[in-house]
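Model the placement of chains F and U on the given structure of chain G, informed by the hints.
Residue numbers (numbering that gives the first Met the number 0), protein chains in the order written: chain G, 0 to 516; chain F, 0 to 380; chain U, 0 to 327.
Derived Cβ-Cβ restraints for the label pairs, each shown as a range:
#1 U:303 <-> G:8: 54 to 62 Å
#2 G:112 <-> U:196: 18 to 26 Å
#3 F:177 <-> U:292: 22 to 30 Å
Bear in mind the hints are in silico, worked out from the structure with no lab data behind them.
Note that the Cβ used here is the ideal one computed from N, Cα and C, for glycine as well.
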Amino acid sequence: MGDDFLRLEHITKVYGNGIMANDDVCFSASKGEIHAICGENGAGKSTLMKQLYGVEQPDEGRIIVKGEEVNLSSPQVAIEHGIGMVFQHFMLVPSLTVAENVTLGIEPASGLRFDAARAQAMTREVSERYGFDVDPQARVRDLTVGVKQKVEILKALVRGAEILILDEPTAVLTPQETDELFEQLRALKASGHTIIFISHKLGEVKSLCDRITVIRRGRTVGTHLVADVSEADISRLMVGLDVETQVPKAPAKPGEAVLALKDLVSFDKDGKQVVNGVSFSVRSGEIVGIAGVEGNGQTQIVDAITGFATGGSGTLEFEGRDVRSMSIAELRAAGLAYVPEDRMTTGIAANLSIRENMLAGKAALPRYNRGLFLDQDAIRRDTDAWIADFDVLCDSGEQSVGMLSGGNIQKVVVARELTAATKLIVCDQPTRGIDVGATDSIRRRLVGMRDAGSAVLLISADLGELLNLSDRLLVVFGGEIVAYFPDLTEVTEEELGYYMLGVRKMSAEQTGGAYLV
Amino acid sequence: MRTLSKDTSGLGAVSRRLGAISVQTRHEMLRMAVAVAIGLGVAVVLIALTAADPARALTYFVAAPFMGPSYFSHMIEVIIPLMMTGAAVSIMFATNQFNLGLEGAIYLGGLMAAVSGIYLMPDLPVLSPVFSILLGAAVGFAIIAIPALLQYKFKANIVVSTLMMNYVCLYVGLFLLFRVFKDPASSQHTYPIGPAAGLPVLIPGTKIHAGLILSVAIVILAYVLLYKTRLGFSLRMVGQNPNFARYAGLGVSGLALVAQLMGGAIGGMTGAVQMLGLYDRFQWTTLTGFGWDGVTMAIFARNNPKYLPFAAVFLAYFRTGAWVMSFKAGVQIDLVSVFEGVMVLFLMAEKFLSGTYRKMVFADADRKRKEREAAGEEVAA
Amino acid sequence: MSGFLDVLGGIFSNPNFYFTVLSTTVPILLATLGCAIAENAGSTNLGMEGIMVMSAFFGVIGSAYTGIIWVGLLVALVTGVVMGLVVAYFALYLKVDIILVGIAVNLIGAGLSAFLMYVLTGDRSATTSLHSGTLPTVTVPVLSNIPFIGTIISNQSILAWVAYLAVPLLAALLNKTRLGLRIRSVGENPDAAASVGVSVNRTKMIALVISGLLGGIAGAYLSMSYLPYFSKGMSGGRGFIALAATAMANNTPVGSLGTSLLFGFFYALSTYASTLGIPDQLVMTLPYLATIVGLVVFSINVQRRERKRLHEGVRRRSRPERDAAEQA
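Next up, chain G with everything else stripped away, as it sits in the complex:
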């Protein structure tokens, strides 16, 4: 067995659409170690962890636990081998107590009766052994987020987990809760547990972890002792550009500000403040890019701009009108186009036809209406033109959109949004998970729209895309703008990485320039 308690050897996983999520990944962790796995969104971390937890199986490669090769065919098997997973989204039943949640599935029973006393004793025992201080009789719905997470960890520990995988655990915690969590994790390490800590918060990785493995684009790019590398080093390993074709771009000719945010403060659905005073503007005829690791407030900024979120404070104006006073329909009528991040749940109605999906949001336009009825000929003409123009590969416009491939579905979404009368186009991860051809055409479109005078706000995890397309670039970290680049000629991805991962931060005067009118 030696030093390696857990080994992943040459793990390769390819998804149905040909995307290689994990490419010959090698990883090992020893007993009593806290090992961080760092990588950007889409680097392949979650795929790797899914295989480690038995939710998916590798196409190639082996997993070796305690010296024995295992086939983790289901989460149950993984649990049997001592692997426990703490998900980002809690798997708890709110109306049950802590003890009930922790022992669900392995309930102590005397005959038919659920032995509540023993469940509480079991929970208390594990809780005290690792210094968790959780009340077994409390109801989960009354607990704070930090305590809920402890319950999740207890769930794994009570089942005898020796290897704990934590997926972005501090994303939902306050600083104090994070400190507490780290105390506990250190205690667990001292008692011989192995902890795999998935995170991109480099400061935390530095303070908590022993070793770090960086994954980039499905491959491992290095395993190091945390003591040997600085945050800047890690950042450099994580962030890298793909060699890809650039879209040609003439200099921008920006006009008036179309979208203006000043000191925007916003809360998520749990009441946590996630946008902490963001100010920037987007003018017509320019593309403003927002870089940042997922979960740093970008989603809430987009929700606020597109009319999906209410509440919060600060100024938020679209063409001089207060966005919060406008309904989504009014925003769209005023010229807002939105390519959402989650196309399947928000961007399309899977069972409706391609034509109908392209018509959504535009059905009120006079050109598509003849008196009381929809003008089917006009609709057909336009949608056929868009299908051809945006190169949507399908059998016909009547086909239901859910049958198309991911890339083609996105093309339908983009076609719909970019052909509306657009003053402001908000694109959230527009080319994620899409083939090269579609990606290129969508990027060219965005530049074309910009040249025609639209204001474009581009949120993307693809740095190459941001550096290529943006005229001005912002970096978001921890709900704030930590960097602003009015001129992209000198910016490197390395530098961007430092800001994205919180290694560096610009001053208020430097970022203030983002707000131009």
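Okay, now just chains F and U, sitting in the frame of chain G:
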């Protein structure tokens, strides 16, 4: 877009046309055929096991409408309420609202139409029935508005509230029937409606009344609404994906409310039409059951009004068969509920024949690949 | 007015009234408990109507053909269980929307029972030609001598005792057993349950079988206690009332007792309506109206609680951060 090859003759053409329909639709057609087969199978087994003369009973069940003009006209008569409630439910289900409250709307719609025909407008030709039917629609609208608004404002569960509402309507209606409008000379009828208040019979010698025209019109209107107007498009979007509808700027709750109100109005009209077309006095002492029929109809028609006439003919055909069979061969008519229930179960089973579906998808992908290759060769050659 | 109050007082001081309330509540209570346990597992058993009517019918047949009333009861119970399995199969494994399964089951139940009634007995509306008997009633020696209460609880059917005892039994099942814990977790957060290895489908199926069993007892009561025969459409909408009753009771067994008694109360009252001078049809609307009102109150409460939790979350979040910021 690719074009299909130009050979239009014979079986090749048929299979190519079949191939042009998506795999999804073909699988649904297959599922429908199997569901109908199973339903018929169950019915046949029950008849065979219980009828005194199974062969004779079966003949009536499957062929009755063609065995006599009165049977055929009975079928047409049955189609009328089926199409109307089917249209009402299709509209409501298009927004994914499981509103089961049509029974109450139909009952009170019928009652109010009768009252109108007796007291309010008994003898103006054409105007009387029209007025009464519109009154019935208004009543249905108001009845459904109650649970629909409760859902809109308070998110009260629409399934439960509409089920309860049906009984409230029934008992209020019974109160009105027995305590207010009852003809003292009878035990449970109202006075007769006025001479011009009823719906005229279209084909003399039958009971097929002018309500047929209205029901056809309603189905056409429902189809046009859902598939040809902006409002209908919005309703369908809400039903298919409320997130997406909201993202597109639609007011989801408001549209759900509108759909239910429309359904309620049509429900009220159905009651009115049945009352004025078939009876000269109001005498219903139980809920009619047409509301549930509407659900069955909508399921068979996949919520698309353009299939409602087919679903109506299908259901009415076998209901007539069962009806004739019941008095000619002594087999209870209730068999038809079993028949319909079994078909509903298998029609809506998504996972039913899922193995076959997968095979169809692969076969289809193979075929398309071969077509593309063949076309490529043609171009190259 | 005073005459009205007098009559009302007379009714409420008559132990026979309460006897009727208790006995009328029995099938509603059983059906409500059945719907409650299904809802706890996250399934809406709209088919309870159909299950009750089928069990009522087959129970009578079983009893009449063997001459043993207990066989009838057994057959009714088996019917309920089988129907529960059918619902589970179509809803969980063939993935038919459970509401539609319920509608189909109601159709089949009503149709099959009426059809077979004619086939097996020649009766069209009620199996009066069969002598299917009734289940025994229970009279507890000491308790029956207590004034007033004695009259109320004596001579109630044995199934009435089963029904009222089922309340604490089901409460214990849900709150104190392993199965109950799994049922509740599967209904509230199936992902959480699945992530710890609980089979969501199997647990829901068990809940539906118990639901069917309770419906079977309800059906048996209708045709072999309440009345000594089966009549067409005997369930009379009680299956739908059960759905409302359990919704109002927040799906708890004890709450279901309360809401079922509410219905039973108004049912019983309607039989006295003529003496009160109120048309009985109007009295009959009262339980249904009460449900709708109760449902609205319940929904408003749910919304209010959601809003409160959100605000508390905001408060709890910002305070420690503010404290920390102040300390820094």
